[in-house]
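*Asks:* Line by line, the protein sequences are chains A and B. For the first sequence, this note's numbering assigns the number 1 to the initial residue and increments by one for each residue that follows. For the second sequence, this note's numbering assigns the number 1 to the initial residue and increments by one for each residue that follows.
Just so you know, the hints here were simulated from the structure itself, not pulled from any lab data. As the structure is a prediction and not an experimental result, all values here were calculated from the model. There may be inaccurate statements among the hints.
[Said to hold, decoys possible] Partial pick of chain A residues on the chain B-facing surface, computed with a CB cut under 10 Å:
id	residue
1	Ile-14
2	Leu-23
3	Val-26
4	Ser-32
5	Leu-33
6	Trp-55
7	Pro-101
8	Pro-105
9	Arg-107
10	Leu-118
11	Val-158
12	Ser-163
13	Arg-178
14	Arg-183
15	Leu-188
16	Arg-189
[Said to hold, decoys possible] Per the computed footprint, the stretches of chain A lying under chain B, defined by three or more beta-carbons under 8 Å from a beta-carbon of chain B, are:
id	segment
17	56-65
18	138-150
We treat Cβ as the ideally placed atom computed from N, Cα and C, and that holds for glycine.
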Amino acid sequence: MEAAETDAELLTRIRDGDESAFLALVTRYNGSLQRVARTFVPNEAVAEEVVQDTWIGVVRGVDRFEGRSSFKTWLFRILVNRARTAGVREHRHDTFDPTEPAVPPDRFDPSGAWAQPLAPWESDVDDRLVAASWGPSLMAALDELPERQRDVVFLRDVEGLSSDDVCDVLGVTEGNQRVLLHRGRSRLRAALESELTARGR
Amino acid sequence: MMLTMRREELACRQMVELVTDYLEGALPRRDRKRFDRHLRGCPNCTAYLEQMRTTIAETGRLTPDDLTPEARDEFTRLFRSWTGTGGSDDSGSGGDAPG
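Just chain A, with the same shape it has in the complex (with noise of 0.2 Å):
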């Protein structure tokens, strides 16, 4: 069996106006262009358009494309400028309390201590079928997620951007980022602890 072609691979043919490289990279990157833009816009129908903007941003900028950046970097800024011509101006503003704890007081004691021993889920989660089924609740605590934590956790933690390329990507501050970041995957963590003690009972 062999490799996928890296991302550049397929630029390089798509220069050369190969459709099935274009479709190749379209199938590996349309999924997570379109839920990226869904935070940006009102209805999924607007971050089709947005998505399919890119696109053509893509096919049309390819030569111009110096790998700087890589590949995935350059995409989702498209994305995300796009997005912000489209989408409401003025981009709603997350429920965002920035002293939301990670966990909930109540779990702690009163010298801040936890109250309730914790157990690491390994032994669990390393068994391939419950692993599996892990997916659809946590991309549904995913979706779930105020829209900027959404993005951070989504470019970070499931496409896989360095914390550099999401900056540049959302234009945030590096601590802004990180902020997002940790009250996303504390949300996350959270709503994997509930789907587990829910299975415990």
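Could you slot chain B onto chain A? The hints should help.
*Replies:* Just chain B now, kept in the frame of chain A:
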């Protein structure tokens, strides 16, 4: 080592707020040491850190929705119109036939 400057130990409640900075390598050296010291003596926070790592790893395994056949057709059509191909130029319709 200036032990007089050593601040008090971190509480578990503080640990859970520092965990991302810790994983991102963004904690100042001194705080990182306090974090590590707490971890060594606290199985609960060690478990919490592991849970966060598991969460991150599981999130990394998520795969966004696949392209529907309809969308695939639509993108094929669009690509042809954007690139002005799809006519009868000499490159043919598919020079690429992976085995």
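*Asks:* Does each hint fit the structure? Answer for all of them.
*Replies:* Against the structure, the hints:
1. A least Cβ separation of about 9 Å between A/Ile-14 and chain B falls short of the 10 Å threshold, and the interface hint therefore holds.
2. Interface restraint check for A/Leu-23: the shortest CB-CB distance to chain B comes to about 6 Å, inside 10 Å, so the restraint holds.
3. Given the 10 Å rule on beta carbons, the hint for A/Val-26 holds: about 5 Å separates it from the nearest Cβ of chain B.
4. At about 5 Å, the closest approach between the beta carbon of A/Ser-32 and any beta carbon in chain B falls short of 10 Å, and the interface hint on this residue holds.
5. Taking 10 Å as the C-beta cut-off, the interface hint given for A/Leu-33 holds, the closest approach to chain B being about 9 Å.
6. Interface restraint check for A/Trp-55: the shortest CB-CB distance to chain B comes to about 7 Å, inside 10 Å, so the restraint holds.
7. For the restraint placing A/Pro-101 at the interface with chain B, the shortest Cβ-Cβ distance is roughly 7 Å, inside the 10 Å limit, so the hint holds.
8. Hint on A/Pro-105 holds. Least Cβ distance to chain B is approximately 7 Å, under the 10 Å limit.
9. Restraint check, A/Arg-107 versus chain B: the minimum CB separation of about 8 Å is within 10 Å; hint holds.
10. The interface hint given for A/Leu-118 holds, since its Cβ lies 4 Å from the closest Cβ of chain B, which is under the 10 Å cut-off.
11. Hint status for A/Val-158 relative to chain B: holds, with the closest Cβ pair at about 5 Å, below 10 Å.
12. At about 7 Å, the closest approach between the beta carbon of A/Ser-163 and any beta carbon in chain B falls short of 10 Å, and the interface hint on this residue holds.
13. Checking A/Arg-178 against chain B: minimum C-beta separation of about 6 Å stays under 10 Å; hint holds.
14. The restraint placing A/Arg-183 at the interface with chain B holds, with a minimum CB-CB distance near 9 Å, inside the 10 Å limit.
15. The beta carbon of A/Leu-188 is positioned within 10 Å of a beta carbon in chain B (closest approach about 5 Å), and the interface hint is therefore held.
16. Checking A/Arg-189 against chain B by beta carbon gives a least distance of about 4 Å; that is within 10 Å, so the hint holds.
17. Coverage of the segment 56-65 of chain A by chain B holds. Counting CB-CB distances below 8 Å, 3 residues qualify, and the rule asks for three or more.
18. For the segment 138-150 of chain A, the assignment as covered by chain B holds, since 3 residues bring a beta-carbon within under 8 Å of that chain's beta-carbons and 3 suffice.
Consistency with the previously given hints is maintained throughout, with no hint failing.
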